[in-house]
Amino acid sequence: MMHQILPTLLFRVRLVYHFFDIFHYCKQNIFQLYEEAFAIFKKFEVNSSAVQVLIDNVQNLDRAYEFAERCNEPAVW
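For the sequence shown, position 65 (counting from the first letter as 1) is numbered 64 according to numbering that gives the first Met the number 0, and the numbering increases by one without interruption.
A portion of the hints provided could be inaccurate.
[Said to hold, decoys possible] The following label-pair restraints were derived from C-beta to C-beta distances:
(1) 11 to 60: 17 to 25 Å
(2) 15 to 51: 33 to 41 Å
(3) 64 to 27: 21 to 29 Å
(4) 72 to 29: 23 to 31 Å
(5) 43 to 20: 30 to 38 Å
(6) 57 to 21: 33 to 41 Å
(7) 43 to 65: 36 to 44 Å
(8) 20 to 54: 46 to 54 Å
(9) 74 to 13: 36 to 44 Å
Derived by calculation from the structure, the hints in this document are not laboratory data. The C-beta atom is built at its ideal place from N, Cα and C for all residues, glycine as well.
Assemble the whole structure, with the sequences as input and the hints as a guide.
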């Protein structure tokens with residue numbers, strides 16, 4: 000009986016491992032997309048959207064604060 004369960008159990012363990020691997024890869028790519036969005040907003044001086052990306056998506060309040068200080072626009076604060 001155990002020899003029938005073991006292959007199924009190993010398959011499930013491998014499946015979970017691959018799921019976490021794919022999740023980690025996707026998470027890194029999504030973070031990169033947010034960084035690119037920030038760079039684009041910054042380049043075209045859409046500063047309120049740029050700071051919004053830093054706060055909501057990148058979740059880096061220190062960078063958002065520094066960016067707001069550099070912009071010195073009321074909409075960014």
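Structure-based check of each hint:
At roughly 40 Å, the beta-carbon separation of residue 11 and residue 60 lies outside the given 17 to 25 Å, and the hint is violated. The hint said 33 to 41 Å for the Cβ distance between residue 15 and residue 51, and at roughly 35 Å that hint holds. Distance hint check: the CB atoms of residue 64 and residue 27 are about 25 Å apart, consistent with the given range 21 to 29 Å. Judged by the Cβ atoms, the range 23 to 31 Å given for residue 72 and residue 29 holds: they are separated by roughly 28 Å.
Against the hinted window of 30 to 38 Å, the Cβ-Cβ separation of residue 43 and residue 20 comes to about 36 Å, which satisfies the hint. Taken as a hint, the range 33 to 41 Å is violated for the pair residue 57 and residue 21, whose Cβ atoms sit roughly 22 Å apart. Distance hint for residue 43 and residue 65: a CB-CB separation of about 19 Å, inconsistent with the stated range 36 to 44 Å. Between residue 20 and residue 54 the Cβ separation comes to about 30 Å, which falls outside the hinted range of 46 to 54 Å.
In this structure the hint that residue 74 and residue 13 lie 36 to 44 Å apart at CB is violated, the actual value being about 50 Å.
Of the numbered hints listed earlier, those contradicted by the structure are 1, 6, 7, 8, 9.
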